[in-house]
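Sequences listed follow chains W and C, in order. When you line the first sequence up against numbering that gives the first Met the number 0, it's residues 0 to 329, in that order. When you line the second sequence up against numbering that gives the first Met the number 0, it's residues 0 to 329, in that order.
Don't read these hints as lab results, they were simulated from the structure. Do not take every clue at face value.
Result set (SDA-like, lysine to any residue): computed pairs, CA atoms no more than 25 angstroms apart in a straight line [unchecked claim]: (1) C:K1 - C:A198; (2) W:K226 - C:R200; (3) W:K226 - C:I4.
On a predicted model such as this, the values are computed, not experimentally measured, just so you know.
2 protein chains.
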Amino acid sequence: MKKFINDPADVVAQSLAGLAAAHPELRVDTEEQYIVRADAPRAGKVGLVSGGGSGHEPLHGGFVGPGMLDAAVPGEVFTSPVPDQILAATKAVDGGAGVVHVVKNYTGDVMNFQLAAELATDEGISVETVLVDDDVAVEDSTWTAGRRGTGATLLVEKIAGARAEEGGKLAEVAAIGREVNAASGSFAYALTSGTTPAAGRPGFELPADEIEAGVGIHGEPGRRREKLRPAKELVRSALDAILDAKTFTGPVLLLVNGLGGTPLIELYLIYGEASAYLEERGVAIARQLVGNYVTSLDMAGMSLTLCQATDEMIRLWDAPVRTPGLRWGA
Amino acid sequence: MKKFINDPADVVAQSLAGLAAAHPELRVDTEEQYIVRADAPRAGKVGLVSGGGSGHEPLHGGFVGPGMLDAAVPGEVFTSPVPDQILAATKAVDGGAGVVHVVKNYTGDVMNFQLAAELATDEGISVETVLVDDDVAVEDSTWTAGRRGTGATLLVEKIAGARAEEGGKLAEVAAIGREVNAASGSFAYALTSGTTPAAGRPGFELPADEIEAGVGIHGEPGRRREKLRPAKELVRSALDAILDAKTFTGPVLLLVNGLGGTPLIELYLIYGEASAYLEERGVAIARQLVGNYVTSLDMAGMSLTLCQATDEMIRLWDAPVRTPGLRWGA
């Protein structure tokens with residue numbers, strides 16, 4: 000394994016220390032292991048907390064800041080954060096207006112966020128949970144009952160984050176988050192596996208000419224192994240899978256997302272193919288984002304996410320955001 | 000070779016088409032192959048043009064926009080753009096106040112930008128050239144006489160771009176660009192080679208436990224092959240090399256840059272080590288940036304860049320910028 004690390008056991012803690020040093024506008028609680036806006040809690044503002052295993056950066060820690068998350072709770076690599084961590088972060092951002100948990104649909108995450116929500120409720124904090132399950136590739140998977148949460152997590156965090164920032168109430172912030180998730184579908188391809196520091200070798204092996212279609216962000220198996228095909232064909236197949244699974248009639252948000260090891264030159268080529276095919280299929284693109292945002296360590300791969308966007312979602316998407324990983328208008 | 004492409008011969012053109020589709024605020028001239036702000040030329044504003052081989056994205060095309068470049072001229076992958084391309088871009092951004100070329104120190108780039116500058120001068124456009132040669136690893140290298148231009152290119156483009164945006168004159172914009180370059184030093188490590196679409200295989204081979212110390216952004220050899228060491232040691236060696244080569248007394252800009260295939264979890268760990276060691280060495284960090292900015296396709300690797308920053312440089316660094324690859328305050 001070749002990585003820029005010291006001891007595999009210290010990767011998450013040391014990476015968080017670096018994030019804290021690089022971004023003084025954030026505060027990292029190294030004991031409880033969470034990342035929070037330095038100005039938290041903000042009185043009267045609904046807090047937005049997300050988290051999950053590390054290895055998906057900038058998700059979630061890189062999305063903490065004005066207009067997006069109030070706190071992020073990273074577990075070890077590909078490992079759910081524990082309830083105490085989530086509870087501590089929830090308390091740290093509670094400004095009296097309640098807290099929304101954004102939870103990707105993995106069994107461990109769901110269970111631990113639920114426990115933390117119950118503990119927080121016992122302490123008098125109102126918690127609403129938004130479950131993200133946008134991946135249309137498979138119904139159940141390793142670590143997941145139901146569909147997996149992937150690229151749409153970014154859309155949920157951005158849009159619900161904007162709603163919270165402008166003073167939305169607990170139920171409103173949760174409602175728009177759920178609406179975004181329900182309106183979203185994703186599909187991913189892996190060219191290679193990522194390598195976790197603890198395992199030290201790729202999570203799965205692919206022959207030199209094969210790819211995993213419908214892969215999850217932890218390298219979970221997808222629909223099938225297949226031969227590598229031109230990008231144009233892969234993009235069409237992925238969009239077909241999404242368009243088959245959900246109805247997209249109006250303008251969409253389109254996220255072309257790299258899984259960590261895919262360079263921008265390829266992601267923009269993919270965007271070109273995706274926008275051309277959506278035009279052919281009569282689906283207009285309202286907004287778009289291209290980059291490595293919801294990743295799987297150093298996996299070479301990409302995912303496409305479509306979200307059928309209402310005017311309200313587009314307004315909230317355009318609202319200012321100032322985080323390490325996503326920033327505009329501020 | 001596993002990449003999200005169609006035909007290796009079409010990668011650059013198709014990626015540019017995707018960039019244009021994703022960013023309507025930019026215009027791509029597909030015939031002459033350059034990227035330009037949609038509002039160019041702007042009367043009375045000094046134009047800023049950079050370019051070089053493709054494969055370093057977001058450099059340069061992703062840095063076109065208000066506060067940074069007016070145009071970028073991408074060659075084929077790792078291949079210099081031709082003089083006609085550069086001339087066309089220079090004319091497209093000429094608002095009557097002259098044009099600054101930011102040129103990384105590679106023989107082909109230097110020669111072709113110089114030819115283009117002469118042709119532009121013949122057409123009545125004043126051109127100043129800022130040569131970037133910040134890589135302290137080696138004196139001469141494949142494709143380079145003198146030091147190579149790498150990470151500092153981003154700093155030059157950001158700071159000179161801000162000076163041009165606020166109405167700086169031709170000589171002033173060029174002067175601050177040269178000042179930034181002179182004040183900068185960089186050093187890079189490769190864990191793996193990148194793979195060009197045309198070659199279809201890695202540019203060089205490294206044993207499973209070896210790295211290239213002082214590598215260039217096209218995979219050019221550095222100082223030596225060495226055994227992989229903990230990140231802490233690599234960071235210290237890289238910073239020692241930079242601090243030995245140039246004098247850094249005051250606050251610095253620190254760029255922790257991924258070479259394309261290195262995930263953020265590692266880059267932030269590197270930032271933590273770098274900031275701790277600079278503190279030990281008595282070098283204060285004024286501003287910092289962490290991410291994959293000056294890349295080498297899918298190379299797993301990283302570079303560190305220090306720039307001894309004047310108050311003026313910091314002011315210009317903080318100025319608003321709105322490009323696909325770098326954005327704040329706007």
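Going down the list of hints, with the structure as the test:
{"no.": "1", "hint": "C:K1 - C:A198", "result": "12 angstroms, holds"}
{"no.": "2", "hint": "W:K226 - C:R200", "result": "18 angstroms, holds"}
{"no.": "3", "hint": "W:K226 - C:I4", "result": "14 angstroms, holds"}
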